[in-house]
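Start from the sequences, fold in the hints, and give me the full structure.
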Amino acid sequence: MVEGVSPESPGSGADVRPLICLPTYDERENLEAILDAILEAQPDFHVLVIDDASPDGTGALADARAAADPRIHVLHRSGKEGLGKAYLAGFAWALAATRGYTHVFEMDADFSHDPRYLGPLLRACTEGGADLAIGSRYVPGGGTRGWPWHRQLLSRGGGIYARTILGLAIQDPTAGFICFARGTLERLDLEAIETKGYGFQIELKYRATRAGLRILEVPIVFAERERGSSKMDGKIAVEALVKVLALRLK
110 MVEGVSPESP
120 GSGADVRPLI
130 CLPTYDEREN
140 LEAILDAILE
150 AQPDFHVLVI
160 DDASPDGTGA
170 LADARAAADP
180 RIHVLHRSGK
190 EGLGKAYLAG
200 FAWALAATRG
210 YTHVFEMDAD
220 FSHDPRYLGP
230 LLRACTEGGA
240 DLAIGSRYVP
250 GGGTRGWPWH
260 RQLLSRGGGI
270 YARTILGLAI
280 QDPTAGFICF
290 ARGTLERLDL
300 EAIETKGYGF
310 QIELKYRATR
320 AGLRILEVPI
330 VFAERERGSS
340 KMDGKIAVEA
350 LVKVLALRLK
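Start counting the sequence shown at 110; every next residue gets the next number (the working numbering).
These are calculated hints, taken from the structure and not from any lab test.
Be aware that a few hints might be false.
[Claimed, not checked] Here are the simulated DSSO-like cross-link-like pairs (lysine-lysine), alpha carbons at most 27 Å apart as the crow flies: (1) 359 <-> 194; (2) 305 <-> 194; (3) 359 <-> 305; (4) 189 <-> 305.
[Stated by the list, open to error] For each label pair, taking beta carbons as the anchor points, the in silico distance ranges come out as: (5) 236 <-> 260: 29 to 35 Å; (6) 263 <-> 211: 31 to 37 Å; (7) 126 <-> 146: 19 to 25 Å.
Cβ coordinates follow ideal geometry from the N, Cα and C atoms, glycine included.
Right under this line is the structure:
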């Protein structure tokens, strides 16, 4: 875990060029507010909205915002293929040599991930020497807000399951608020990642651990969404459980 990193810490310097990958599917209710909050907290950041052909018009709204602000970009995909596939598409976009991004974030669009933690996560990489920094609910100072007991049970149980089966030292292996140094994504074999849904988060951390990368956990408080509906369902949870076993057996 990173010590001495406060939520008020500034984020980027002149030689740092961060990009946030922000997958969306029916997030029109949240999109404008989260973009405003991100860019108010970190004016030097760029945001890539990765929209999976949202029926509610999220993609069109993202296009309008991008047309008015050069820090906002949009990647349209043909349909809903899962969180993992969306992030992989975003990583590929971010790593194009002409764009020059030095750090790439994963972040939810529903305010579960508070933009005030962007600075501490970035500093964990730029000053703390992390190859990737995880916003963790389960280290001292972290937690959840507004979660019903069954969500807490599923999250903690899933984390214990993944840590036990895969031998991970990470306290929050299902976390999805992450800062990657560019070289980390270039080093990982992203094309080999098979998980489409939320199990993607576990597989990515497992591969990073196997590659010997330095992983730091920064405490965050994860909030339950207030608007829109969760994309988690039973099929996604089962895929994650099965994928953990498959990784262990390889």
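Tested hints:
1. For the hint pairing residue 359 with residue 194, the CA-to-CA distance comes to about 22 Å; that is within 27 Å, so the pair holds.
2. The straight-line distance between the Cα atoms of residue 305 and residue 194 is roughly 6 Å, inside the 27 Å bound, and the hint therefore holds.
3. Taking the CA atoms of residue 359 and residue 305, the gap is about 18 Å. The hint holds against a cut of 27 Å.
4. Between the alpha carbons of residue 189 and residue 305 the distance comes to roughly 10 Å, so the proposed pair stays at or under 27 Å and holds.
5. Look at residue 236 against residue 260: about 33 Å separates their beta carbons, and that is inside 29 to 35 Å.
6. Checking the proposed 31 to 37 Å range against residue 263 and residue 211 shows it holds: the Cβ atoms sit about 35 Å from each other.
7. Distance hint for residue 126 and residue 146: a CB-CB separation of about 20 Å, consistent with the stated range 19 to 25 Å.
Against the hints set out earlier in the document, no violation occurs for any number.
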